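Protein chains in written order, with this note's numbering: chain A, 1 to 310; chain B, 1001 to 1247.
Hints listed in this document are in silico derivations from the structure and should not be mistaken for laboratory results. Since this is a predicted model, take the numbers as computed values, not measurements. Think of the CB as a built atom: it goes at the ideal place given N, C-alpha and C, for glycine as much as any other residue. A portion of the hints provided could be inaccurate.
[Said to hold, decoys possible] To give a feel for the contact side, a few chain B residues facing chain A, derived at Cβ under 10 angstroms:
#1 Tyr1012
#2 Phe1013
#3 Pro1054
#4 Thr1059
#5 Gly1081
#6 Phe1084
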Amino acid sequence: MSNKGYAKILSLLILLGFLLFIPSVLSQYSLHLMILVMVFVVIATSWNILVWTHQISLGHAAFFGIGAYTAALMYNAWQLPIYFDLVLGGVFASLGAILIGVICLRMAPWALAIATLAFAEAVKILVIMLPGLTEGAEGVAIAPLYGGGETAKVYAYYLVLAIAFLTVLMAYLLKRSKLYYAFTAIHDDQEAANMLGINPTKYKVMAFTTSAFFVGVVGGFYAHYISYIDPHGVFNIHISVEAQIMPLMGGLYTVAGPVVGAFILTLLGEYLRITVKTGYLIIYGIILVLLIFYLPKGLVGLVEGWTRRK
Amino acid sequence: MALLECVRVTKYFGGLAALLEVDLRVSSGEIVGLIGPNGSGKTTLFNLITGLYPLSRGTIRFKGEEILGFKPFQICQKGIGRTFQITKLFARMTVLENVMVGALYGKGKDSDDLKKARLTAEAILDRVGLGSKKNARVSDLTLEDKKRLELSKALSTRPGLLLLDEVMAGLNPTEIKEVMELIRKIRQDGVTIIVVEHVMHAVMKLADRLYVLHHGEKIAEGSPEEVSKNKRVIESYLGEEFLLASS
């Protein structure tokens, strides 16, 4: 392995050690923020995988919400072990993705984007209209994760860190596998990929379901962590928007980009919310526009450019 | 038995017949030329053979098996490879990675083994003369290299039948000579080839037999010598100048 490779592994180990260590020094509020960062690391990384196949989703909130509702309703009905709930949340979100896939994946990327946006809204309305099953607009209360309290938050942090780690690891391994060649070929020229033996529909559905699965899992975690969910919260378009902006800002098509984007934008958004009393979203929006305008390859692209020049 | 057999192949786009009742037979080991003016249906025939368009009428058999209704990726895995007139390269990949795609998913299927696919791709790149540029980006390649890469991608799927769509267009005489030599070498490796080409002197030297299309209909077939003397072909495509130049 090259020196560069060793340096990369060493810095990753340091980062992981740091993330494992910080609960002992952070306040409850800061720990809560870190938990949100990890939730968005999962959402942004999963969304980015979809882009590898040139598919754009404006409806990732649907998978987050499906995961959250599945976990909450399953837990309230049968008190299943939490890990089981989370996996079920992922499975149900994947089933939702297959449903979209069968109907919409032959569409052009922009048409698919609108279809996914409509899908997310449709699922939200369905959840509101079926109070017998979902408790409707009132939302669902669920017992606090690990019994609640300060220690529970630390456990919750480690749990979401593990989910985020697995998601990023999956993206990393995917990028080094045979599948990445199919995904990139489909992204660059679907017709040419088809002529080289790649079934585009199969691999696009695969990317969609994988992406939805991890978002569903973290949606399930969120339901347990926050201990109360409602349709307007977990199917919020804000989640779908952040899912795209974070990879875009961090660096599309890279593994590190969505992680960097999730860290910076979650923390920046919170900082502005506290420091700017009114209209903080305007400043947040301006910063985003400037960053995307001046850094089209994202922050990771900027750093890669620097290191290449050296 | 013919390797490829097109029987009364017809394709309508709306009311327009792009191909009408075209018959074509290609035997193993042949190089067959497909010529005709622009819009005569040559590329459409390639698109029908490779499953990009469905046929309106007729049938296509490959190794005796009817391949109607198969998707392009299935036809590729049966052993038909093709290049595109306007190269279709994967811009975010290196030259080597472009070729690895076909090695991983084509007929040869180097299965899940990336190392094996890499070796296959390197061998193909060496064969077509792109070995030294394997780590280059597609955007850094010259037109000739892009054509060579397009050919390498098709070869990486290990085709038994290769359809080449104007691989010599835009190249200078020296480059054309090199590509002709390359096509002959590919035939020697046991690959049957159909070439669509407008560079007449090249296709006349290269092909064992020619088919001539005009307004979607086959107007002539035979050896290059026979075809070049065919009155209808001269009138509709080659022109008197070709006859004078070749005599």
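Cross-check of the supplied hints:
Taking 10 angstroms as the C-beta cut-off, the interface hint given for B:Tyr1012 is violated, the closest approach to chain A being about 21 angstroms. Checking B:Phe1013 against chain A: minimum C-beta separation of about 17 angstroms lies over 10 angstroms; hint violated. For B:Pro1054, the suggested interface contact is broken, since its CB lies about 14 angstroms from the closest CB of chain A, more than 10 angstroms. About 21 angstroms separates the beta-carbon of B:Thr1059 from the nearest beta-carbon of chain A, more than 10 angstroms, and the hint is not met.
Of the supplied interface hints, the one on B:Gly1081 holds, with its beta-carbon coming within about 8 angstroms of a beta-carbon of chain A, less than 10 angstroms. Look at B:Phe1084: its Cβ gets to within about 7 angstroms of chain A, closer than 10 angstroms, so that hint holds up.
Comparing the model with each numbered hint stated earlier shows that hints 1, 2, 3, 4 do not hold.
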